[in-house]
Amino acid sequence: MSKTAIIWFRQDLRLTDNPALIHALQNGYDIVPLYILDDDNADDWAMGGASRWWLHHSLQSLNKSLGGNLVIRNGDAAQIIPKLIKDIKVDAIFWNRCYEPWRIKRDKSIKESLEIETQSFNASLLWEPWEPMKPDGTPYKVFTPFYRKGCLGHSQPAETQSAPKDISYAAFDARGDIDDLKLLPDISWDAGFKDYWQPGEDGARACLKSFLGNGLSGYKENRNRPDDEHSTSRLSPHLHFGEISPRQCWHDARAVQAAGDAPENDVDHFCSELGWREFSYTQLYHQPHITWENLQEKFNIFPWNAQRDSKDLKAWQKGQTGIPIVDAAMRQLWQTGWMHNRCRMIVGSLLVKNLMIHWHRGEEWFWDCLIDADLANNAASWQWIAGCGADAAPYFRIFNPVTQGEKFDPDGDYVREFVPELKDMPAKYIHSPWDAPNDVLQKAGVTLGDTYPAPIVDLKKSRQRALDAFTSLKDAA
DNA sequence: TTTTGAGTTGTTCGA
DNA sequence: GTCGAACAACTCAAA
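Heads up, the first sequence is in my numbering, so the first residue is 3 and it goes up one at a time.
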C-alpha cells in the first residue's frame with residue numbers, strides 16, 4: 003500500500019539538496035508537490051513586483067523539473083492545506099523551514115492543527131538561527147565573533163545532497179495553473195529582466211558555475227567593482243528563492259580552492275558573505291521587529307526630513323538625482339531588478355544621510371524593485387547603512403558618491419551603461435559633471451538641468467547637516 | 001565582576 | 001600625490 007506526502011515548496015524551489023523532498027522519497031512516499039502563493043498571511047511583506055516576476059519563471063522551471071506535477075494554489079495556506087489533505091488521501095506533509103516572522107507563525111499554527119505527520123527541514127541556511135549563540139545562551143550582535151566563533155566554531159556546513167533520481171507522484175488532477183497567480187506585471191516594466199537573469203534551478207547552477215570560474219579568484223578586491231559584471235556572484239535571487247542551497251555554494255567554492263584554482267583569502271571572503279546572510283537571518287529570528295523598528299532606540303528621535311519625502315524621494319527612486327553613480331545604480335535596479343552591493347551602500351547612504359529620508363522609504367522601494375528582495379537581508383542592511391543597526395557603520399561614515407565613483411568605477415563605464423546622457427563625458431568629470439568646464443560639457447552634449455539633472459543636494463553641506471543631526475541625538479541621550 | 005580590546009564596507013584635513 | 005590622524009563614545013565579547 004503506497005503512502006502519499008505533500009511536499010510544500012516555499013523558498014526551496016529546487017530538487018538538488020532539498021531535504022524535505024529527499025526525505026519523502028527515501029521513505030517511500032508518493033508525492034504531491036505543492037506551491038501556495040500566500041499573500042493573506044504576509045502582513046506588510048507580501049512579495050514585491052520584481053520578486054513576483056522571478057517567482058513566475060522559477061515556478062515554471064520547477065514545474066518542468068517535476069514533470070508538470072506541481073500543484074498551484076493561491077490564498078491562505080492554513081485553509082488550503084487542510085482542504086488538500088482531505089481531498090487527496092495524504093499521510094504526511096514535509097517542508098523546508100522559512101524564517102520570516104509571519105511564516106514562522108503561520109507554519110507553527112498549521113503544524114499544530116494537522117493530524118497527519120509533519121516534519122520540517124533546513125534547506126536555506128548554513129546554520130540555524132538558534133545555533134550560533136554566545137556561551138551565555140544569547141545571540142551575537144557583532145558580526146565577526148558571530149561568524150568566527152558562532153558559525154565556524156559550531157560545525158561545518160552540512161554536505162550537499164544530490165537530486166533524487168526517480169520521483170513517484172501521487173495521482174492528482176486539480177493542479178491549478180501558474181498563470182492564474184498573475185505574477186507578471188500588467189505594464190511591461192520587466193522587459194529587460196530576461197536579458198540579465200535565468201530564474202530556476204538550471205539558471206542557479208549556471209550562475210554558480212560562472213562565478214566559480216570567472217569571479218571567485220580575485221573576489222576580495224574585485225567584488226567592489228560595479229563596472230565588472232563578473233565581480234560578484236549574482237547568486238542572491240537564486241539563494242533567496244532556494245534554487246540553489248548555500249551549502250552547495252559553500253562547498254563548491256571550497257572545492258575550487260582545494261583544486262588550487264582560487265586563493266584561500268578570496269574563498270574565505272566569499273564564504274563570509276554567505277555568513278552575512280546568516281547574520282541577517284539570525285537578527286531577524288531573534289528580533290523580528292527589525293523590519294520596522296530601529297534596533298538602537300536612540301534613533302527613535304532622529305530628525306528625519308519628512309518634507310523631503312515627495313520630491314527628493316522620487317528623484318532618488320527614478321535615478322534623477324543628478325549624482326551619476328547614484329542615478330546609474332537606481333536605474334540598474336529599475337532595469338534589471340538588481341543592484342551591485344557597493345552601489346546599494348552608496349545609494350542608501352545618500353538617501354538616509356544626505357537627504358535625511360527615513361530608511362523605511364529605502365527599505366520599501368528595494369522590497370518592491372529587487373528580484374532578490376529578502377526580508378532579513380533588506381531590514382538588517384538598511385539598519386546598517388542608517389547607523390541604527392546592531393553592528394552598524396559609525397555615524398561619521400558618510401559615503402561621498404563622487405569619491406566612491408572615482409574609486410570603484412574609475413573609467414565611468416558603469417555610469418555610461420545606465421546613464422546614457424553622460425556617455426560622452428570624459429572619465430575625469432563623469433562622476434561630478436557639475437565640476438566640468440563648459441567646453442567639456444558642451445563637447446559631451448550635456449546641459450545640466452536640461453539633458454541631465456543638476457544635483458538635487460549639495461554633498462558637502464548635506465554631509466555636515468547629517469553629522470549635526472547625529473550630534474543632536476547624542477546630546478539628547 | 002571587572003577589565004580590556006575590538007568593532008565590514010569612509011572622509012577629510014593637514015603635514 | 002601620499003599618508004596618518006581625527007572623527008566619539010559605546011557596546012559587545014571574552015578573558
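Treat each hint with caution, since some may be false.
Said to hold, decoys possible - Calculated cross-link-like contacts (lysine to aspartate or glutamate; reagent style EDC-like; alpha-carbon spacing at most 20 Å):
1) Lys409 - Asp393
2) Lys462 - Glu408
3) Lys313 - Glu419
4) Lys143 - Glu295
5) Lys184 - Asp370
6) Lys313 - Glu231
7) Lys211 - Glu231
8) Lys316 - Asp452
As the list claims (entries may be wrong) - Pairwise CB distance ranges, derived in the manner of DEER restraints:
9) Gln121 - Asp413: 37 to 43 Å
10) Met3 - Gly194: 49 to 55 Å
11) Gln121 - Ala165: 18 to 24 Å
12) Asp204 - Gly30: 26 to 32 Å
13) Ala261 - Ser115: 31 to 37 Å
14) Leu154 - Lys107: 48 to 54 Å
15) Asp78 - Ser219: 43 to 49 Å
These are computed hints drawn from the structure, not numbers from a lab.
Note that CB positions come from ideal geometry on N, CA and C, so glycine has one too.
| For the pair Gln121 and Asp413, does the Cβ-Cβ distance stay inside 37 to 43 Å? | violated (54 Å)
| message | Would the hint linking Lys211 and Glu231 be met if the CA-CA limit is 20 Å? | response | holds (15 Å)
| task | May I ask you to test the hint 31 to 37 Å on the CB atoms belonging to Ala261 and Ser115? | result | Once the Cβ atoms are compared, 50 Å apart, the range 31 to 37 Å for Ser115 and Ala261 is violated.
| task | Given the hint of 49 to 55 Å, check if Met3 and Gly194 actually sit that far apart at their C-beta atoms. | result | holds (52 Å)
| query | Within a Cα-Cα threshold of 20 Å, do Lys313 and Glu419 meet the stated pairing? | reply | violated (25 Å)
| Supplied distance hint 48 to 54 Å, evaluated on CB atoms of Leu154 and Lys107 | Distance hint for Leu154, Lys107 is violated at roughly 31 Å.
| message | Does Asp452 sit within 20 Å of Lys316, going by the straight-line distance between their CA atoms? | response | At roughly 18 Å apart (the allowed maximum being 20 Å), Asp452 and Lys316 satisfy the hint.
| query | Taking 20 Å as the top limit, are the C-alpha atoms of Lys462 and Glu408 close enough? | reply | OK: Lys462 and Glu408 at ~17 Å, within 20 Å.
| query | Does the alpha-carbon distance linking Lys184 and Asp370 stay inside the 20 Å limit? | reply | holds (16 Å)
| said: If I claimed the Cβ atoms of Asp78 and Ser219 lie 43 to 49 Å apart, would that claim hold in this structure? | reply: holds (48 Å)
| Cβ separation of Gln121 and Ala165, checked against the hinted range 18 to 24 Å | Holds: the Cβ-Cβ distance is about 20 Å, inside 18 to 24 Å.
| query | Between Lys409 and Asp393, does the CA-CA distance stay at or below 20 Å? | reply | Outside the cut-off at roughly 25 Å; violated.
In summary, the structure is inconsistent with hints 1, 3, 6, 9, 13, 14 from the numbered list given earlier, while agreeing with the others.
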